[in-house]
Each structure stands twice: as C-alpha cells, then as structure tokens.
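Taking the hints as your guide, dock the two standalone chains into a single complex.
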Amino acid sequence: MRGRVVSRGVTLDRWRERYAQRAQGMIASEVRALFAVASRPEIVSLAGGMPAVDALPLEAVAATVSELVLSRGAVALQYGSAQGDPGLRARICDVMAMEGISDAHPDNVVVTAGSQQALDLLTRVFVDPGDVVVTEGPTYVTAINTFAAYQARIVHVPMDGDGLSPGALAQTLGRLAAEGARVKLLYTVPTFQNPGGITLTPPRRAEVLEICRRAGVLVVEDNPYGLLSFTGEPVRAMRADAPDDVVYLGSFSKTLAPGLRVGWALAPAPVTARLVLAAESAILSQSMFTQLVVERYLATQPWAEQVKVFREMYRERRDAMLDALAESMPAGATWTRPDGGFFVWVTLPGGVDTRAMLPRAIAARVAYVPGAGFYADGSGGSSMRLSFCYPPPERIRDGVGRLGRVVRDELDLRETFAARDDVAHRP
Amino acid sequence: MTDLGRVLILAGGLSPEREVSLRSGGRLRDALTRIGVEAELADVDAATLPALAADPPDVVFPVLHGTSGEDGTIREVLDLYDLPYVGAAPPACRVAFDKATAKAAVAAAGVATPAAVTLPREAFHDLGAAALIERIVARLGLPVVVKPRAGGSAFGVSRVDDASGLAEALMACFGYHDSALIERAVSGVEITIGVVDTGDGPVALPAVEIEPAGGVYDYAARYTAGATAFFTPARLDDAVLCAAAETAITAHRVLGLRDLSRTDLIVDAAGTAQFLEVNVAPGLTGTSTWPMGLHAAGLDLAVICRDLAARARTRRGTPHG
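Which chain is which? The protein sequence lines are A and B, in order. Numbered per this note's numbering, the first sequence spans residues 1 to 427. Numbered per this note's numbering, the second sequence spans residues 1 to 321.
Just chain B, same shape as in the assembly (with noise of 0.2 Å):
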C-alpha cells in the first residue's frame, strides 16, 4: 500500500448518468488498487454521510457524473465534513457545469463559442412557444442543437436540421432540465481535450477527435464500443491542434477548474477550436475520452489518479476560493 490512505471513490448516485459513473468508479477503482493504492468505492444514498462520518477517509475521488455530482454539490457537502477531494471547488463547479454560464465565462476571456440562446421551459410557456421558436430560428438559423442547460451522456440533446422539430427537441431537452440551450450547429471536426494539473500547472493532453459511426455522438455512440471512432492524435494541423489545447487551458483557468477537466470543441472550416462544454468530471470508463488522452501522452490512468487524490490529499484544511 501507498502513504496515500485511502481513496474513497464516490460514484452511481440518482442522476441519469448513474450507469456510466458507476463504470468509470469501478475502472478508477481497479486502476489504483493496481498500483497499491488503497481504494474504495461507494454508491451514494442515504448512507454515505454516516459512513463518511464514522470512517472518514483520507481523501475523496468524485466521479459522480450529472446533476449533484458535477454541479457542486458533493463537493459542497465534502467541505462540509472537511474532507479533501479531487477537482474543482463548488463555485467553480456550479459555472462549469451550466453551460451558458461556462459558455458566457469563456467566451469574455476571447475563445470562440456557437451562438446560442438559453431559456427557460416557462418563457415558452408563459410568452408563446411559437413566435420564441420563430425568432430563435431567424437568430441562430439551422441547423441547431438543443441542448439541457446542465447535464452529460448527451441525455436530452438533439440535432434539428427543420424548424418543424425544434419543439419536439425542446420538450426532449426538458425531460433532463428546465432550461434549454440552443446552439448554433456548426460543422467542423469534433474533438475533446482532457486537461490535468497534478502541480505544475495544467497541461493539455492530446486532443481526441470523435467520428461517429452514424454521425451523431449520441449516448449510444459514447456507450457501445465499436460505435465511434477516435483519432489520437486528432486528425488537424498542429497549429490548429496547438490552438485547440489553449482553448481547453483557457477554459479550465478561467472557470477556476482544479486538477482535472474535459473541454469538447468543434474545429470549424476556418480552423477556429469553438468551446462547447467543459466537464469537471470527465468520464472514465473504457469508451471515455479523458483517459484515451493520457495514454496519447504516454501517461498511465491510475498513477496520473493517484497523483491527483495525493496532490488534493495536502489541500486538506485549506480554504477553497
């Protein structure tokens, strides 16, 4: 075993994406009992804060995904019992995990964003859906994506091509979230950029391009192996590819993310990497993007892991901005 102590690795939850954390704890878990370090992994319930309370651990891994998991408020109740924990602080994590807000953040420190209206399910109820839709239409033009304002896995995320499908979008997207982000579509290469700091400042680790089988990056294409193909390094100019690791620095210092983080971009005709979202928690199973990156770099799952639970393991006691 390691001087480390124990990593409590919290996944599952309620949130839709319970499956997929609880695939990417599970393969958190394995890594690091690999090299020695002793983990464990916990579903969160009603449980959990007896347990965190009785037997607190060294230090706390969150991979919990969605809703609650990536919106801060773990975190939030991790500081609540002073437990240290890998990645980003809950005010950090609250404008990361709202997309407009992330969007909105990012695009003020000069990095290329699609065009997007945000709304709430009420202003189509209480203004008329018909003439929002019309205008948002005649805004943003088509084709766009509809999008939940938070979330992951592309739950409740659809592509129209034809204004008569905006509302059927819409009301898929408010299955998952009360307020709608609809975003310009833009054609381009998509690629997603993992990000880690493990004490030197993050790094940007080799940019993952994604071509979907079917050409929609769906839940089934992220979750069926065999679905996607992925492209390390992406298939782009250096330049481009150099620019596109800055976009992802950028957007995980300016959103004051910590430790580790995901951007998606799409590389449009003119080269130009634009930010879509940044997740705080970025996915680990064995279809997910941010460890296909460190194995690009050379690097290895489970000591960069353990890097990151030893580096937060110090913060313990230390104020959060």
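Chain A on its own, in the form it takes in the complex (with noise of 0.2 Å):
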C-alpha cells in the first residue's frame, strides 16, 4: 500500500525538536477553546476573575493620566529602575498598613507587572528544577503554570473551612523531608482564597507561619483579595506578624485596575536584593507611566472609598450567588461561603467530572471553570469554581439558574451509566 512517492513530512513548525522541556506542555486545548465562546456575552460567564472596573470613575482615571502627562510626562515616559518609583513604593507601605503591616519598608517592595510577576521573579530566584513547593489544594491555576514552568514538583495540602490545615501541612513536609526532597516555598492565597473563598483562620496563620519557620520553607503570601472584605474589617495578613518569614505579594489588579498591571513584593532585605535583579533581567525596568498613574491616583483621589465600593458591589453579588446555589443546586451539591473576594468552589455529587460537563454548560449559555485546573495532581474532578465578581447579580442568578440545570442533567447522565457498573461486576 506504502508508495514510492518520495514525500517529505511537513510539521508546521521548524523549531519543534528545540523547544525546552518546560515548553512541552504548552499546546492548544479543548477547555481554552470553550472558554473563547464564553466570552460571548451570550453567554452568563462564572469563569473568568474579571473585577467590575465599569464601576471605577473613569473621569477620575482619565484626569489623573492627563494630568500625569502633562506635568511630569518626561519622566513618566522615560525608562524608571527595576525596583519600581520610590513614590509608589512609600504608597504601597501605606496600603498594606491597612491589613496590619506597619513595618514595611518602600527599600524592601518590588513593583511588578502585576502580583503574577512578582511570584514567577520569587520563583526564579528559589526554585530549581525538581524543587517542591507546597500549596493549597485546590490553588490558583495560574500559580500552577508558573511553578510548572520552573519545573517545580508542585505537592498540595488540603484545605477545610477555616483554610489550610496545619496537621496536613506538617505531615506533608515531615512525609518531603524524609524522602529527602527540597521544599522551597509555601505557596498560599490564605485570605478569600482563589478558587476556595475560604480564609484561613487567626490560630491557623500562627500555626502555619510556626510549622513553615521550623521546616526552614520560606512563606509566599499572595493576597490580591485582603481588601476586599465583606465585614468591612480588613483581614490581619501572615506577614505582619513574621516579616522575617514571609514574602507579601500585592496588587492593585482588584482594588483598582488590572489593566494597569501594577503589583508588588514585600519581602526580606536580602530576598528583595535578589528580586530586584531578576527584575532587571527580566524586563530592565517596570513600567513608569502605569506606576505613576496608580500613585497619582492614590495621592489624589478617594481611592479608599472606591474599596468601599466594590466591596459593597461584591457583597451584594456574593449574596446572589449563595441564594440562587441554594434554590438551584441538587441535594448533595456542596459549596463555600466566602467573606470577601471573588470565588466560591462548589462540589458535585455523583462523581461528575466538571471537565466533561462545560460543554453542555456552554451550551446552556454558561460557563464556569472546572476544578481539575486548579490541581496539579488530577484531583478536583468534581469540583468548580464560580467567580460572582463581574455579572450582575441578576446575570448570576439566572447564570447559577441555568447551571443547576445542566448539573441535574449531568447527573442523569451519570446514573444511566453508573447503572453499567453495578451490572458488569455482578458475579
């Protein structure tokens, strides 16, 4: 059948067999092509961690650029230093005071493109290929991604109502150290965490910070949601009780725009030092005109009363999610109740695999992220994370609406199959 024909084999790609072992895994998916459709606005989206900024004052915004350009354009055009503006720096202090850091120093903070910058530099400076770093299970997804870039084996420890749980935590690096494996960082999001919208408790922080300080595994607090607190009182972060042990990372991506991209770190002198010279490899400089348009902004507008804002906008809209899960979710369906942030992780019964399911939710005109994405070890099948931090709380109602539709549905499916089971295995 094999013919003659001399035909050479064309792979769209010339530089296929040089890519790096940590590029293997970046190829085109199924999910990402689904969540193309879910950005129609046909569709009632619970997936994306969009924040409102519709609600910002946009003159505001707009006199603060302008005024920016025309005052102090040269400079805010001009290349700045791989640490970021000493103004903004001095600003950032003053915002993490309210979450009960009053130590900070503008010499130990790093201005990132984004918090996300500032964990891969951490993750570049600590992490060799085969290192452990410890998470949250589930955990941010795109946390996952940086640490898989680096090659890091990524070990969860689970999670309950009141956040991380220090017993598992011990164990597990007990269970690392004696396999003699290299435990870097702690990677957590203890406040409104994403995906989990769980807090980790007071007690737990204290814990946690005690059992990582003995284990000599460096704390990376990452903490985009801390003002954003439903019962107005700002959550007391780790790293004010441990500066020593502890990296902060920070972002104005939720409390005022993530398209500016502008984020930090906290971290020891000596860490900072490191930092900032990954900073300077990576990108020379941060950017100066979106780091002075978020100091002007804070210098010159109500910028705390903004918070209040949101806050009160996502009170609300958490609130609709919670009512409707509660009429639309069947018996068994389980969820959290987050006190702030933008996420609740809902679990399925009847052994649903969320992944399976978001087609037929697209095609209900919903969309939602399946928990798999959130674990790097294949767990949360039945899991997903419901984001209420940009729809309406009409538009989430109607969303969760139809969400438990397709979850009834689901399950039907699951039990004519299930059915299949209980029949091969009768002896």
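You may find that some hints are simply not true.
[What the hints assert, rightly or not] Partial list, computed: chain B residues near chain A (C-beta under 10 Å): (1) Glu17; (2) Arg18; (3) Ala112; (4) Tyr176; (5) Ser179.
Rather than coming from a laboratory, the hints here were simulated on the basis of the structure. All residues carry an ideal CB built from backbone N, CA and C; glycine is no exception.
Below, the structure written as structure tokens:
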C-alpha cells in the first residue's frame, strides 16, 4: 500500500525539536477553546475573575492620566528602575498598613507587572527544577503554571472551612523531608482564597508560620483580595507577624484596575536584592507610566472610598450567588461561603466530571472553570470555581439557575452509565 | 479592487469551534484582501441579521464550523435574505453534517466506511447502558472510536481500547451532542482530501497524510503547530491515492455538495480508503489540511476562494435543490 512517492513531512513548526522541556505542555487545549465561547455576551460567564472595572470613576482616572502626562510626562514616559518608583513604593506601604503590616519599608518593596510577575521572579530566584513548592489544594491556576514553567514539583495540602490544615501541612513537610525533597516555598492565598473562597483562621496562620519556620520553608503570601472583605474588617496579613519568614505579594488589579498591571512583592532585605536583579534581567524597568498613574491616583483620588464601593458591590453579588446556589443546586452539592474576594468553590455529588460537563454548560449559555485545573495532580474533577465578581446579580441568578439544570442533567447521565458498573460487577 | 464586490466572511458564532472558525475567517480575509478583494469578517450574533438587511454584501463566504455553521442553519438564513454564498445548500449540509446519515449515503454509493452503531443518549437511559454497551462491543469489537454524531475538531471524540472505557467515552461524547456514533477503529493511514469546484466539476486535491506525534489526531494535535506531521502527497501507492481521490469526489457528489468540501478517510491494510466523514466548511487555519491540499496542487488559497466567491455570486436568485 505504501507508495514509492518521496514525500517530506511538514510539521508546520520547524523548531518543534528545539523547545525546552518546560515548554512541552504549552499546547492548544479544548477547555481554552470553550472559554473562547464563554467570552461572548450571550453566555453568563461565572468563569473569569475579572474585576468590575466599569464601577471605576473613569473621569477621575482620565483626569489623573492627563494631569500626569502634562505635568510629569518626561518622567512617566522614560525608563525607570527595576525596583519601581520610590513614591509608589511608599504608597504601597500605606496600603499594606491597612492589613496590619506596619513595619514595611519602601526599600523592601519591588513593584512588578501584577503580582503574577512577582510570583514568577520569586520562583526564578528560589526554585531549581525538581524542587518542591507546597500549595493549598486547590490553588490559583496560574501559580501552578508558573511553578510548572520552572519545573517545580507541586505538592498540595488540603483545606477545610478554616483554610489550610496545619496538621496535614506538618505531615506533608515531614514526609517530604524524609524523602530528601528540597521544599523551597509554601505558596498560599490565605485570605478569600482563589479558587476556594476560604480564609485561613488567625490561630492557623500562627501555626502555619511556625511549621514553615521550623522546616526552613519560605511562606509566599499572595493577597490580592485582602481589602475586599465583606465584613468591612480587613484580615490581618500573615506577613504582619512574620517579617523575616514571609514574602508578601500584593496587587492593584482587584482594588483599582488589572489593565494597569501594577503589583508588588514585599520581601526580607536579602530576598529583595535578588528580586530586583531578577526583575532587571526580565524587564529592565517597570512601566513608569502605569506606576505613576497608580501613584497619582492614590495621592489625589478617594481611593479607599472606591474600595468600599467595590466591597459593597461584590458582597451583593456574593449574596446573589449563594442564594441562587441554595435554590438551584441538587442535593449533595456543597459550596463555600466566602467572606470576601471573588470566588465560590462548588463540589458536586455523584462523580460528576466538571470538565466533561463544560461543553454542555456552554451550550446552556453558562460558563465556569472546572476544578481539575486548580490542582497539579489531577484532583478536583467533581468541583468547579464560580466567580461572582463580574456579572450583575440578576445575571448571576440566571447563570446559576442554568447551571443547576445542567448539573441535574449531568447527574442523570452519570446515573445512566453508573448502572453499567453494577451489572458489570455482578457476580 | 475586483468586480467581485464585497465578500462577507461569516465566522465565530457560539459553537465550541468558535476560535478555530475565527482563525479560519481571519486567514481568508487576509488572503482575499491581499489580491484586491474587498473582504470583511463578521462574527455571527444578534447584530448579524440587521446588518445583512441594511447593507447586504455581494456574496457571503461562511467559515462557521460546527452546529449552525455546517448543519445548514446559517445558509438557510442566507437564503431567506436572498444572499448568495459559497458552499453547499442547506439540505446537503444537513445530510453531510450528520455523520451517521453521511456514512449511510456514501455506503449506498459503494464507498467503504467502518462499521458503526449510532445511538442517542436516551437509548442508554431508557434501555439500560450495560446491555447496550455489551452488544455494541460484541458487534463492533474493539477498539472503537466514539464520536458525537455531529460536530468537528475532534471535540468529544475518544478512542476506546477496552470495554471498561466505553461508558466514560460516551459521557464525554454526550457533552457535545445527544447522539453518539460508535465506529469500529480501523488501523491504517489517516488521510484527508480536499475537493474544489470552480466551475468545471469537482476536483480532488492531493491527499494530505496526517501523522500526529502523539498517535491521536485530537484537538491539541490539530491546532498546535508542530504536534502533527503532514505528508503531501500522502505516502501511498498512486493507485491507492487515485481510488481515495475518487472516493472524495463520490462523497462530494453523492451528498450533493457544492464548491468545496473535505473528506476524511483512513486507508486500511488492504489499501481501501474508508470514508470517515465530510466537512462542508473545512478549516482554513494555518494548521488546516484543505489549504495544504491547495498548496500541494500549486493553487493559491486566495485565488481559489475568490473564484469560489465569484461563482457563488452568479447564483444570486437561483433556487437550490
């Protein structure tokens, strides 16, 4: 059948054999293709964690930008330093003081392109291929991607309603030590966690810090949602009580605007020095323009009042989602009740595979993020992350209602095929 | 600009193949623009019909993939607006998009196609999945390929080597369609053949042989540049290639297709090209095989698509069958 035709194969990528090992997983994915549909307005997207930037006073933002360009344009449009603008770093320290961090010095702050870049730099500085990063399970999906890009081994520690379990953490670190594994970081989102919506309780914060201190593991406290508390009381940051043991990551993406890409790391002095050098090799200098926009905005606008507006808006949306879940979800489904932030974590009964269910949800015009993406080890298949930050309450109710119908349908499908196992295993 | 007038490329929509379709549409727009055709790309949404009514294009080139793009819906709508378009008419699309019906139609014309069973989700629910799965495996043997009865880009498609995996594969398939086509997996050389008709009858383009690095031509293998090796012409005997080309033409004719199509085939150990499915709006992305076939034939994507659009334009007001 094979002919004598000489035909050369074309792979459409002549560099295919040249990519680094760490790029092997960077391929087209079905789930991403489905999310492309979810971005359409016909779909109620409970998937993305996009802040409701339409609630920002855009005229005030415009005035800030205009004033900046007219008065300090030559500085704003010039290179800056890799560490970031000193004026902004001082204001960042004021922001962190709202979460109990009273001893932060601008010299120990590194401004980054969102806190995502801070995480990337930190991983670059600490993690060699094969080193272990311990995280909550589930954890922030893009943190997993960052750790994977540096070829870290990711080990999850389970959470309950009070957050990361200290007992399980101690046990995991003990096991890893016995294996001879090099555990470098504990990555945690302790406040209004993404994706869990869970907050680590104060006693547990102390326990977790103590366990990591003893094990010589640096704690990375990623805190983009800390100021978005629905009780009005900011949660005290872990860094406030452990300046030498924690690198704190902060962001203006949720409290101002993600399009500015301004975040930061607050680190112990020796770590800061390395982060600055890493930043220099990565990007030479941060965008002076967006840094100064943020700095001027904080200096001239009632920013804290704006954060209150966001909090109130997100609280209303959280309530709409929790009410709708109670109305729409079948018996056996469970979900978290966040006191702040953007997310509710829903776990479904009956062995439902939320990844397999996603196309059906999209067809029903509602989208969510399947739970498995928030684990590096394939767990989370029956869970999903729902975001309440972007759609207004009536859309949330509508979307959760649709989702409830999809879940019931999925349970029906599972039941249809579960019967097969019963028969197959009949003696 | 040419005298073709304004070509409206419809892409996107709400199918899972939205992203692929937008890439196909973008590539087509760029190609047509390059040779001086006035080409516009539009996503299909609630604004589409008012725009078609207010400012009708001279001809439409639908590159919508998946349901509503390939099942005849969008073309039925274009007919309602008396707008000429490139590609098959709705009745032919309906038959071609339904893999089970298309297989039956080409089989009736003497074309080989792997044995298959098509069952809706309700059948498993109402009659009992265990008994049905047992009979399916007894009839088709293993391995089998489970596919949504309609749809593209390998969404919801799985190969099952062991009976215990069939239930999972069916559930994944039912995520995309309420009916499953369970087909005997044929081992052989996977090829795809484009067909184009610019006025002198359908012509088969050189066969493109597909060799996915991971062994399975799934979504990632289709749309990650480099994940699949394509051989054009396929590394097969001339006689086999001729017969396969005939099969693609037969499918195009039997199904009543028009202008362009792409037939996916597997050439078994005996050298027989077995029909798997046909596409009425083949992908035009950088990793799609229909443009590769054109290229191998020494044809230019832009010129051929312009000619197809020009031919479609002459059909304005002509009733379709």
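ask   = Was the hint right that Arg18/B lines chain A, CB cutoff 10 Å?
value = With a minimum Cβ separation of about 5 Å from chain A (threshold 10 Å), the hint on Arg18/B holds.
message = Can you verify the interface hint for Ala112/B: is its Cβ closer than 10 Å to any Cβ in chain A?
response = violated (14 Å)
request  = Closer than 10 Å between Cβ atoms is the bar; does Tyr176/B clear it against chain A? Give me holds or violated.
outcome  = holds (5 Å)
message = Min Cβ distance, Glu17/B to chain A: is it shorter than 10 Å?
response = Constraint on Glu17/B satisfied, holds at 7 Å.
message = Using the nearest Cβ pair, does Ser179/B come within less than 10 Å of chain A?
response = violated (13 Å)
Going through the hint list in order, the structure does not satisfy hints 3 and 5.
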